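Undergrad: If you want the building blocks of each chain, they are given just below.
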Amino acid sequence: MAPAEETLTAPGEEAGKALEDARGPADRSPVLAPDLVAEDFGWQYRGRLSPALEGLTFRVPAGSTLLVIGPSGSGKSTLARALVGLVPHEIAGTWSGTLRVGDLDVAATPMQRVSARAGIVFQEPESQLVMPRVEDEVAFGLENRGWARDDMRARVPDALAAVGLSGFERRATAALSGGEQQRLAIADVLAPMPGLLVFDEPTANLDPPGMQHVFERIGEMAASRTRTLVIVEHRLDAALPLADLVLLIDDAGRQMAFGPPDEVGRAHAALLGRLGSWVPRAWAPWAAPSAGQHVADGRRGDADGTVGGGEDATAEGMPLATSPAVPDAPPRLAGRQRGRDRAVLRAEAITVRYPASPGGMARAALADVSLAVRPGERVALIGPNGSGKSTLLFALAGVRRPSSGTVRVAGPSGLADPARLPARDLARTVGVVFQNPELGFVASTCAAEVAASLPVAGHPADPSAPEVEAALRAFGLERLAGENPFRLSEGEQRRLSIAAASIGDPAVLLLDEPTFGLDRRGADAVVALLDRLRDRGQAQMMTTHDPRLVPACDRVLALDAGRVVFQGSPNAFFADPPWRPAWPWQP
Amino acid sequence: MAVAAVSFLPAPLEPVRPALLTRVAPVTRLAVGVAWLLVVVLPAGPGVPLMLAIVAVLAVVLLSGLPLGRVPTRLAPLALAALGLGVLTVLVNPANGDPTAPAVIATGPLRIAAGSVSAGVTIALRLAVIALVSLLVFAVSDPTRLADSLVQQWHAPYRFAYGTLAALRIVPLLAADWTAVGAVHRLRGLEPRGVRGRVAAFGRRLLVLLVTAIRRAERMALAMDARGFDADLPRGVYRPIRVGRLDVLVLAVGLAIAAAAYAFGR
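In order, the protein sequences belong to chains A and B. According to the numbering used here, the stretch in the first sequence is residues 22 to 608, in order. According to the numbering used here, the stretch in the second sequence is residues 31 to 296, in order.
Everything labelled a hint here was simulated from the structure, so no lab data went into it. Computed from a prediction, not measured in an experiment: that's the story for all the values here. Just so it is clear, CB atoms sit at the ideal spot from N, CA and C, and this is done for glycine as well. Among the hints, a few may not be true.
As the list claims (entries may be wrong) - Stretch by stretch, here's where chain B covers chain A in the computed footprint (C-beta under 8 Å, at least three residues): (1) 134-144; (2) 491-504.
As the list claims (entries may be wrong) - Beyond 10 Å from chain A on every Cβ pair, some chain B residues (computed): (3) 88; (4) 169; (5) 275; (6) 290; (7) 293.
Based on the sequences and whatever the hints tell you, model everything.
TA: See the structure below:
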């Protein structure tokens, strides 16, 4: 247990000591853990046609941990923001019902009094860290609340110790790893000693080791029962064991269930599957009867469920988690058009060096990496953050030229160095789908977005071209042809991005975290699309932190510190444990 | 991807040993720096910027605590720009076309008036002073200290000062986004053709960057508000910046040098 946590008092022990002052407690003792009460609570963002949350009614006792579960678009993050007062005080919309944090009615209490009691950790560390140095970053929240300098001096090291970052005081925040940055963000909200901590998908951007560290810290806090915790997570296997209570929300923001995890799981695991959310492993037995029904059962309010449009049903409804792994079997021959033994993507001994980093030596982001990918083969590229996955993907795409070694891809006119191809030929050779598809959007409607890629295939960029309609239909986006790409859900954006990259029918598709941030329904839809492209002979390579995606690949390539440390079948990867301590992955 | 881009930025240039100017409040250096910049842009001959440049070089070498081995690399781009602009001013100057003006060189078509040389040297020296002063103001202490000092000594609004710091943190991320957007456009086969094509491509890239910048800023603002940034309470001070006799001395000497340079350098 970290030293800072030991000084905390148990809930109720010093009842009545909680100050109403927005500064937090005058004697700098922790604010008491509050209970959380919702009575028919709802919220509708301004300009939206339907509420984000509706009819939430629950009571979470002080000091317990609540896990909020639901598919994408279910309003989980909205609830997180309401618990710290950002909704309704900083965000416009319509409030209904009651939400109380301890004795504070959130809607009727000024934001700063709510935020003095409650801290929130968001998904992206880079968007919540303010100051260039670690200790200044932790002190920022204390300065805002008017703490005295001596109190701050005493508190900052404690808060850092509580997240395992002792000794990091003088480090630059930008130079920390993603996991360290996220633990720093937790130290930030811990420092003013709030009684309620809200985690809004705190590990979504982290690699498995970073995620494990963060969950260890949250687990310690949950076990100490000195704070009320609310966790919003897609990674349910890690979060569920920490929860005392589970709140289940459907895709329309309505409360489906509330209660102890086992009770909710037993009664509603099947429903959760149908809603398109991930189902925690512990609930799998209860979810089993309805597995595979989630797309077919008519609950398709969200376009993420409409993939395939009925025209190609092969992969429809097949949950990603149970996608058959074909580890050492020979590649399937059906539909293969490009000759199966010739590699369409080959890298030989590529090394990429970056210039010297601050205070360090020039280091190789990639060292001596060789690989070959055949048509119709799907390769998972895994490894901790900073291991060179993205660099390798960029080198293979010809965006970053290696310092030494060669890259060859099969283009329209034979094997070529992607870095030397004209853009139009490159797009017919290698397709790339970025983790953030928004970076690639160039048009104001989905149809125009796909049409912008048409010149690659030798057609004029006409949004009303039949090719555009065909592509949108094939990717389940025909309903959204006139919609602005920036307004789509994450899953829809990912599919639009794949649709645009597929216009030139590239032999190789490179994807950066293709299931990032998606619920099961969204991830299934993306994988179903990729299956179809692969079955037509496309070679695919994808970076991923998602262990659920690995069995859907033919081969695993693991990088660590820029070197290939494992290459083989998914089964062999999960069977052979040397990297298990560093990569706490479960198959 | 973004994180990697940040960690490969060049190391910041910062003092490596205690020195007189590191003990002075950032706003004191800012005040002297602003006075020098005002004097250096006043119309005058090369004498004024020359004197200030000499004093600024001495201050960097003796009083800044900066690692001297790394200063030239940092100043090289600006030095090149100063030199280029100076030479250009000498070559392309209306005085060269005046047959009555005294000439330094007059061979065939090439005629360079003495006035042009003086103007070119002045321009180059002015840029040199600006570069050296910005080093003394912005490299001797980090942006955090400058923000602290602006808030504590000059009572600048803290929202502005620390909001700017937060925005500075986003800049490298945006730089990474900019590179990524260019790459993904090329990968989509969108190679601009002709001037209009290039302008359109630039516009597309800028638009995406703008959208991502706004989203990042919105998320950052929410996170800051959740941490009490908008609480409007008397703010606590974690890094007090003290102003003492040394500051008065530096300010007096700095202003005196500016006045002397202007008085005697013209």
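Undergrad: How does the coverage statement for the segment 491-504 of chain A fare against chain B, requiring three or more residues with Cβ below 8 Å from a Cβ of that chain?
TA: Violated: only 0 residues of the segment 491-504 of chain A have a Cβ under 8 Å from chain B.
Undergrad: Is the Cβ of residue 275 of chain B farther than 10 Å from every Cβ of chain A?
TA: holds, 23 Å
Undergrad: Was residue 293 of chain B rightly flagged as not at the interface, with every chain A Cβ beyond 10 Å?
TA: holds, 41 Å
Undergrad: Determine whether the non-interface label on residue 290 of chain B survives the test: each CB of chain A must be over 10 Å from its CB.
TA: Residue 290 of chain B is indeed farther than 10 Å from all Cβ atoms of chain A, at 37 Å.
Undergrad: So is the segment 134-144 of chain A in contact with chain B by the C-beta rule, three or more residues under 8 Å, or is the coverage claim wrong?
TA: Per the Cβ count (5), the hint holds.
Undergrad: Beyond 10 Å from every chain A Cβ: check whether that's true for residue 169 of chain B.
TA: Its Cβ never comes within 10 Å of chain A, the nearest being 14 Å, so this holds.
Undergrad: Could you let me know if the closest chain A CB is still more than 10 Å away from the CB of residue 88 of chain B?
TA: holds, 28 Å
Hint compliance for this structure: hint 2 is the single one not met.
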